[in-house]
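Number of protein chains: 2
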Amino acid sequence: MKYCAVVFLCSLLLSLAAGYVALPILKKLHVSQTINELGPQTHMGKQGIPTMGGISFLCAGLLCGLAFGFRYKNTNGQLMLYCAACTLCFALIGFLDDYLKVVKGRSVGLTVKQKFAPQILFALVFSLIAYSSKSINTAFAMPFTDTHLDIGVFFIPVMTFIMVAVDNSANILDGLDGLLSGNGSIALFFYAIYMYYEGSKTGNGSLMNTGIFCLCMSAALFAFLKLNAHPARVFMGDVGSLGIGGALAGAAAVSGTSLMLPFMLVTMLISSLSDILQVLYMRRHKGRKLLRMSPLHHHLELGGMPENHVFTLYNIITLVGCAAAFILFA
Amino acid sequence: MKYCAVVFLCSLLLSLAAGYVALPILKKLHVSQTINELGPQTHMGKQGIPTMGGISFLCAGLLCGLAFGFRYKNTNGQLMLYCAACTLCFALIGFLDDYLKVVKGRSVGLTVKQKFAPQILFALVFSLIAYSSKSINTAFAMPFTDTHLDIGVFFIPVMTFIMVAVDNSANILDGLDGLLSGNGSIALFFYAIYMYYEGSKTGNGSLMNTGIFCLCMSAALFAFLKLNAHPARVFMGDVGSLGIGGALAGAAAVSGTSLMLPFMLVTMLISSLSDILQVLYMRRHKGRKLLRMSPLHHHLELGGMPENHVFTLYNIITLVGCAAAFILFA
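In order, the protein sequences belong to chains A and B.
What the first sequence shows, in my numbering, is residues 1156 to 1485, in sequence order.
What the second sequence shows, in my numbering, is residues 1156 to 1485, in sequence order.
Errors might be hidden in some of the hints.
Same chains, same names: a pair is fine if it fits in one copy or spans any two.
[As the list claims (entries may be wrong)] List time: in silico BS3-like cross-link candidates among lysine-lysine, alpha-carbon distance up to 25 Å:
no.: 1; residue 1: 1356; residue 2: 1157
no.: 2; residue 1: 1157; residue 2: 1228
no.: 3; residue 1: 1228; residue 2: 1356
no.: 4; residue 1: 1356; residue 2: 1289
Quick caveat, the hints were computed from the structure, so don't treat them as lab data.
Since this is a predicted model, take the numbers as computed values, not measurements.
Given only the sequences and the hints, what does the whole structure look like? Please build it.
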């Protein structure tokens, strides 16, 4: 536990430092977001705020994770490395998207197809690795009981879908100052507690190592709030949001906790579902809208809820979801 | 651990509900704060926002604490009850102060003497109880080692001072939207982890029960952020801030962790010290000011830092302090 506190502290401080190093560089390179014209009107004031700040907490979190995540030596570090690789690969897709958007001056970055294709590819590869690896248990933990559901080879398409879904949901949730940073940090912190608890209960050191990795990512992400909280001085960009999605998806894959995700990531689920529902409703009702604007956090904002109140509300919902997940699955 | 998740969830939801029940009542009773004219100019816009919202999270936290805090039956619940009593008594002083301020229409509430006298009295009584109780170990845990420092009868004046200091520091920190709610919630959550960890290591069920109480208070306080986060819809009032101070002071007294407080409550320490330094500096330099305004959070705000950024910064500092406390003392 003392080791965890050291790890937490190091990652927090490193990420804080990295953020302050990155900020002037991003500003100098004019890496600023072209604010989506389809977003709320009030967000036009955010024009010119640098983006791709996610690089800072990803570097800090990954570095600390790799430095501290081999704590339990009697086990291999495969699970932890899997998570780190997942984070990195999905972050790279985001990086490419951001790069095209801001450095090359395209306003939309990758097209939907260009964004989904590599995501599906990576998700498929990671699902295959998890399925074929002997150290990863691909059975899903079930609620209320200690049993696990093994779906055999169907794990591959199911996990691929889950990974792409989580990654995109993280991306969608990243629409208000600090929203994904706060929610992601809480979810990753919860994963750290869960993995440490389950790992020490069952003597699974690999899982505890992965817990330490999640702790690093959580601390790094929390520190990023210093610059990302409302009013944001920097955005994380797709590199950050897809990276967080990758970390969460990787953590779910190696710990067999995919069924916990709808609880832990309930705010991401809400965001994605509200997006989908809006489109379906508009198709069915000749363009009439279900929400003032989708996803739901924009709807709430346009309804007069201050940006920071949406942030607080979503964090509380995430905490409730994480506590519920623990009660059902631990 | 699963029990802890249930407790956390209950307290969080109960406090959330209590907040929404209390808000219209406070509004109806015109329990609004008379904003201090000596505060920052920008705070004049906060006139009319109801106060004494602290009652909601105190009720929720105390109720859950008393309902769930007798978990470990082979021990007595004295330590936990001590904390609860401490919270309640100091909250009552705050209640009286608020009551005079808002209901009776006095602009300053209790005078400094009237506020300090009962605090010192309560602190003295609680120190005496702790000293004479057989179930409370009054020796202070020392950093780096597992040794404890027993200062004998000097415990009484020292603990009295600490209690009054913590309580007033909590009161001083409560100057920006959500500031004390966030910092207090983190510190109490840390106490919950520390007590649960130390308690299970040494087989001390009483300490673990107290940890559960701290967890309840932390969850209730976090939920209060829903209404208290910037821009605040309700203030906690002195009833809330002195109550939180009481909970923290009580937790320190029963767990022998007073030396951890300067780390865990570093933001409170900073607030109090900046207040004192400002006065001393002005006396020495013929009224020239050290800070634009004391305490430090007002200085930062007047320097152009958005209120919510001070909130985030202070939360990160508290997390750093808590992690450091754990490394040094656990």
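Numbers of the earlier hints that this structure fails to satisfy, in rising order | Of the numbered hints given earlier, the structure breaks none, since each of them holds.
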